[in-house]
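Dock chain B against chain A, hints included.
Chains as they are written, first to last, in my numbering: chain A, 176 to 290; chain B, 906 to 1016.
All clues given are correct.
With the C-beta cut set under 8 Å, the calculated list includes, among others, these residues of chain A facing chain B:
hint, residue
1, Gly217
2, Asp234
3, Pro283
The calculated DSS-like cross-link candidates involving lysine-lysine, where the alpha carbons are at most 27 Å apart (straight line), are:
hint, chain 1, residue 1, chain 2, residue 2
4, B, Lys1015, B, Lys947
5, A, Lys232, B, Lys947
6, A, Lys246, A, Lys232
7, B, Lys1003, A, Lys246
8, B, Lys963, B, Lys983
9, B, Lys1003, A, Lys232
10, A, Lys232, A, Lys193
11, B, Lys1015, B, Lys963
12, B, Lys1003, A, Lys244
13, A, Lys246, B, Lys947
14, B, Lys963, B, Lys947
15, B, Lys947, A, Lys240
16, A, Lys193, A, Lys240
17, B, Lys1003, B, Lys947
18, A, Lys244, A, Lys232
19, B, Lys1003, A, Lys240
Have a look at the derived ranges for each label pair, beta carbon to beta carbon:
hint, chain 1, residue 1, chain 2, residue 2, range
20, B, Gly921, A, Thr188, 41 to 49 Å
21, B, Thr999, A, Ile252, 22 to 30 Å
22, B, Leu957, A, Thr188, 43 to 51 Å
23, B, Pro1016, A, Val189, 39 to 47 Å
24, A, Ser257, B, Ser990, 33 to 41 Å
25, A, Glu245, B, Thr970, 36 to 44 Å
26, B, Gly921, A, Ile252, 46 to 54 Å
27, B, Ser990, A, Val189, 34 to 42 Å
28, B, Tyr936, A, Ser242, 23 to 31 Å
Treat the hints as calculated values from the structure; they're not laboratory data. C-beta atoms are modelled at their ideal positions from N, C-alpha and C, and glycine is treated no differently.
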Amino acid sequence: EAQVTQNPRYLITVTGKKLTVTCSQNMNHEYMSWYRQDPGLGLRQIYYSMNVEVTDKGDVPEGYKVSRKEKRNFPLILESPSPNQTSLYFCASSFSASGTYNEQFFGPGTRLTVL
Amino acid sequence: ILNVEQSPQSLHVQEGDSTNFTCSFPSSNFYALHWYRWETAKSPEALFVMTLNGDEKKKGRISATLNTKEGYSYLYIKGSQPEDSATYLCALPTNAGKSTFGDGTTLTVKP
Chain A
176 EAQVTQNPRY LITVTGKKLT VTCSQNMNHE YMSWYRQDPG LGLRQIYYSM NVEVTDKGDV
236 PEGYKVSRKE KRNFPLILES PSPNQTSLYF CASSFSASGT YNEQFFGPGT RLTVL
Chain B
906 ILNVEQSPQS LHVQEGDSTN FTCSFPSSNF YALHWYRWET AKSPEALFVM TLNGDEKKKG
966 RISATLNTKE GYSYLYIKGS QPEDSATYLC ALPTNAGKST FGDGTTLTVK P
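One chain only, chain A, in its complex shape (with noise of 0.2 Å):
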């Protein structure tokens, strides 16, 4: 079943414990990008990768590092996770490079709460 995984779905964790939420899809998308959603906001970008090794900013990356090893792969860090960070985590993937032309596939969402 083509699809994209995130892990874990939940997490609850204290401020400054490294941590890291896995996201992989197996459609061999090129694009990949990470979202976070607030309430009463929509997805605001966090990164976003248009290969493999190749990986930019979006409009939230503050406090987050991504890395892209592997075209199936796209994990998101956090390494010093403070209470801001608390919010739904969603990884999306597209067919094309850039993710204009075609749909993005989104994971189940991650739900941080970072005490």
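Just chain B, lined up with the frame of chain A:
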């Protein structure tokens, strides 16, 4: 940051009503517009990808139009059903990987 606005923020209709909502965006540097439906406790799912001025797309009772010169897209739902209750998001991607979403319109259809 690109300014993508959706209106109204929320909408309550009765089953059987037809409804529409708007996504507004800067008309310069347009590449494409995406519409997504996001049901509670699920992931956003794509409805339409629109690229050309004057585009009209349809999927069942849902249709969308695009006016790139004036910078807006309309999403229409004909004969709303309770299962249409969701948040509808529009997104504007650039050709370089960035993608900006509006805040969404939350539709509630009462039986």
